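Student: So the protein sequences, as listed, match chains A and B. Per UniProt numbering, numbering of the first sequence is gapless, rising by one per residue and ending at 160. Per UniProt numbering, numbering of the second sequence is gapless, rising by one per residue and ending at 772.
Hints are computed from structural coordinates only; laboratory data are not their basis. Just so it is clear, the structure is predicted and the values come from calculations on it, not from any experiment. C-beta: ideal position from N, C-alpha, C; glycine also. One or more hints might be untrue.
[As the list claims (entries may be wrong)] Under the rule of at most 20 Å between Cα atoms (straight-line distance), these lysine to any residue pairs were calculated in the SDA-like manner:
1. 692/B to 2/A
2. 692/B to 21/A
3. 439/B to 429/B
4. 2/A to 117/B
[To be verified] Not the full set, but computed from the structure, chain A residues with beta-carbon under 10 Å of chain B:
5. 35
6. 42
7. 54
8. 89
9. 137
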Amino acid sequence: MKSMTLSLTINGALRHCEVASSTVLADVLRDTFGLQGCKVACDQGVCGACTVLVDGEPVAACATFAFVVDGRSIMTVEGLAQNGVLHAVQTSFLENSAFQCGFCTSGMILSIVALLRAHPEPDEETIRDWLGGNVCRCTGYGPIVEAVRRVIPAHALEHA
Amino acid sequence: MHGVQETSRNDELPTEGNAKVTGAAVYTWDTALPRMLHGKLLRSPLPHARIRSIDTTEALAILGVVCIVTGDDVAPLAEQFYGVGLRDQPVIALDRVRFVGDPVAAIVAVDEATAFRAAQAIKVDYEPLPPLMTVEDALADDAPALFDGPTPGIPIPVGKGWSSVADPVRNVLCEYNFGYGDATAILDASDQVFTDTFAVTRINHFHLEPHVNIAHWNDGRLEMWSCNQDPFVIRGDIARIFGLPLHRVRIHTPLVGGGFGGKSYCKMEPLVALMARKAGAPVRLALSMDESILTLVKHPGRLTLTTGVDREGRLTARRADIVLDGGAYSDASALVAVKTGFRVGGGYHWQAIASRARIVRTTTVPSGSFRGFGGTQASFASERQIDLIARRLGEDPLTFRMRNLLDVDQPFAPNERGMDSDLSAGLQDVAERIGYSSKRQQGRGIGFAVGLKDAGGTGNHAQALVRVTQDGEVMVSAAVVDVGQGAASALCRIATDVLGLPLANATYAPIDTDHSPPDNGTHVSCGTLVTGRAIEQAAAEVRKQIETFAAERLDCDVSEIVLEGWTVRRGNVVHPLTPMVRKYYGGIGWEFIGRGAFKEPYDPDTPMGARNISWMPCWSVAEVSVDDETGRVTLHRLIVSADPGRALSREACHGQIEGAAMQALGQAMFEELRYRGAEPENATPLTYRVPKVRDLPAHFESVVAEHGMGFGPGGVKGIGEAGMLGIAAAIANAIQDATGASLTTMPFTPEKVLDALDQLRHVGDVPVVERS
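Whole structure, please, built from the sequences with the hints as guidance.
Tutor: Right under this line is the structure:
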């Protein structure tokens, strides 16, 4: 199988790796760079657990070939906290008990980070639209939506 | 005895939460060993066939393939089968396959892709046999027997009022009869008797972390990392199958990415152990989600209830005929049958009950435990029929329920523990919350349900260790697996409350069968009840040790010592404990170690052979409207209430209630694993529909109703399964309230709703109750 060298900016740092043409982004993140916060659940791009941000946009890492993101900037859940301070969405997840088993949490948080970048003060409809691709089998979604609502004012201030 | 203190309303943040929001949490999925090889399974494409031969020559020739395990490797083992009570599921197919997805060969290779390619190269010669896709197929006169001999193992032992038998007729795994009183005579004497049949559907757990196990043999000893929520159950199964002493099997249980019953009891763990032994290296077998869907489902079934009512509108007796589709192998079917039969009376007072529950074998995915364990099936049928009866009698369904519900302390069945929740108060509360007595909005219907199941298990036991360092740090060891329910926090809280130390001081020890004290497994909402009692006892013992130590050091009577945080007070003088311990034990210090144990004693006069530890009600009310042109149901409001006795964490209780209710909502409205002929029609994550954020009702409210009567520490009791119970019935009851249409089969798809509306127009069976 043909291999190729990629240059990726992962959580702000420039990284290089050698991958096969068939390698998916999730495997590069998990196996090459040890970023196991990227969880692979359905492995078919439908559950959202493996969501990461590529140039700020949410993508399913299990269904994205690694070569496609060559030269681009990738944000995983490990890159959210800055200098040991949790991102506002992470804090809101903790404060609102927006997770149980935690397997969907990384993807859910990154989808919300992307949502708040696009819509700093999203209404209910927008929240439901943006989280439509993330399955949580534990919480029933109520606390997750609540976590988004509660982070909004703080986040809006951050962007002011 | 030091009781547990009043819960603070401002819950402290969960101790285990941080890692889950930063990506640092390690699940079995993330665990890796040096030199680890990878497995893949070849699964049967046929629902029922005899295996003539398996040719692995070509597959073994593929570069990177290490070995292939088939039925031939299983035959020499000490035992070949697993299952709960009745054991009929082979470690891997021996000579026959019994459902599409039955594992036939297990490939071990350097990586998953190679193992996957090797699976395609294996040639299996099948002799197709007739599929038995439904209960009717399996019970037909000319149906072939799915198994040749009697089922190994024993049916679930039960207590007074029961009979239990395995293999009563061809393709029936087991039959249980439960009852008390003379149901026939009482039904004959009843003023009115109603018979209705209800159907529940097959759903999958859809836990996001698929089943995953890593096995490694070293010097004749097996070490395993497993997502299974029952470490001591699988230790026992593996030891029995491999003919090993228990202490030659060591199970580690890292964080579990969701279970809901799908990861309880033995599944492919013995197979992974066999793969690793044959390979001579550590092996990881991670299923895809497609494969997890084909591993276990919730029992579909048909429940026929015959219920009598007297002239005053009081329920008299109920007869139930329950037929559950157990799928190809027993798994936990026997237990589910017992529990469905036991629970079918619901939370009402009866003079007599006569229930018969059977498990029929079919060539479909095995059915087993799923959050509620027969309780959801029973409460759907029961609470639908209660509503139907009330409406037929021209009675308000709420009033009818109120008249018949069990009172506090009233036993559910003879010799059972009394009701430890106020069923009427719980129902009244949700009725008020939805504004039942106010005027109904045009086109809207409201439906109630009172789900009920026993919780905490039957005769369950647990042990626990609580260790306290010289600095007052607490380590709690038990075998309750944290599947996301917050067990670690809850159990730590029980210990720290007894010790009077902050929750932040406590750590829940990782589970490892070499070190963790054993229990029955993480089931039936028993963590806070059963293990909680053991931890409370262990913590009280530690507290006594600390007080005794301080009394010796201060040369006084222990009664003079008061433990206050990590100091002791004697009279008006406060002594810090850390220097006291260091001075006596030296630099390394010391740990005070307390042990606790709990076992609900055997009692042959009770229905289950031991009294149930608590009762788990779920009061739910739904408000819907129905588009009578499309049949689409809109769920406007759903209010779900459950009683944790006393909440150790209100947030965690809300989470349990809402998560369970959303799963039940999925099953009620759309979720179903379907077969088209012999083929699973939607056994992929892409085609299997689970609830998403869009499915949240416009108003979704959970209520933590602390009735304070639980049997656990400080009055707590389990709550994890409650939210599943009765939700589907409440929604169907609301549909009937809105339209008059009677739905008796889940899920309530537009097609079924339109059919029910059509039937209403033709038959006019059940009148809509007018309420002033």
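Student: None of the hints should be skipped; say for each whether it holds.
Tutor: Okay, the hints, checked on the actual structure:
1. Restraint check: the Cα-Cα separation between residue 692/B and residue 2/A comes to about 39 Å, which exceeds 20 Å; the hinted pair is violated.
2. Restraint check for residue 692/B and residue 21/A: not satisfied, since their Cα atoms lie roughly 33 Å apart, outside the 20 Å limit.
3. Only pairs whose Cα atoms come within 20 Å are accepted, and residue 439/B paired with residue 429/B is accepted, the gap being roughly 18 Å.
4. Restraint check: the Cα-Cα separation between residue 2/A and residue 117/B comes to about 18 Å, which is no more than 20 Å; the hinted pair holds.
5. For residue 35/A, the shortest C-beta to C-beta distance to chain B is roughly 7 Å, which falls under 10 Å, so the interface hint holds.
6. Checking residue 42/A against chain B by beta carbon gives a least distance of about 4 Å; that is within 10 Å, so the hint holds.
7. Checking residue 54/A against chain B: minimum C-beta separation of about 17 Å lies over 10 Å; hint violated.
8. Because the beta carbon of residue 89/A sits about 8 Å from the nearest beta carbon in chain B, less than 10 Å, this interface hint is met.
9. Nearest Cβ of chain B to the Cβ of residue 137/A: about 5 Å, under the 10 Å cut. The hint holds.
Checked against the numbered hints given earlier, the structure breaks hints 1, 2 and 7 and satisfies all the rest.
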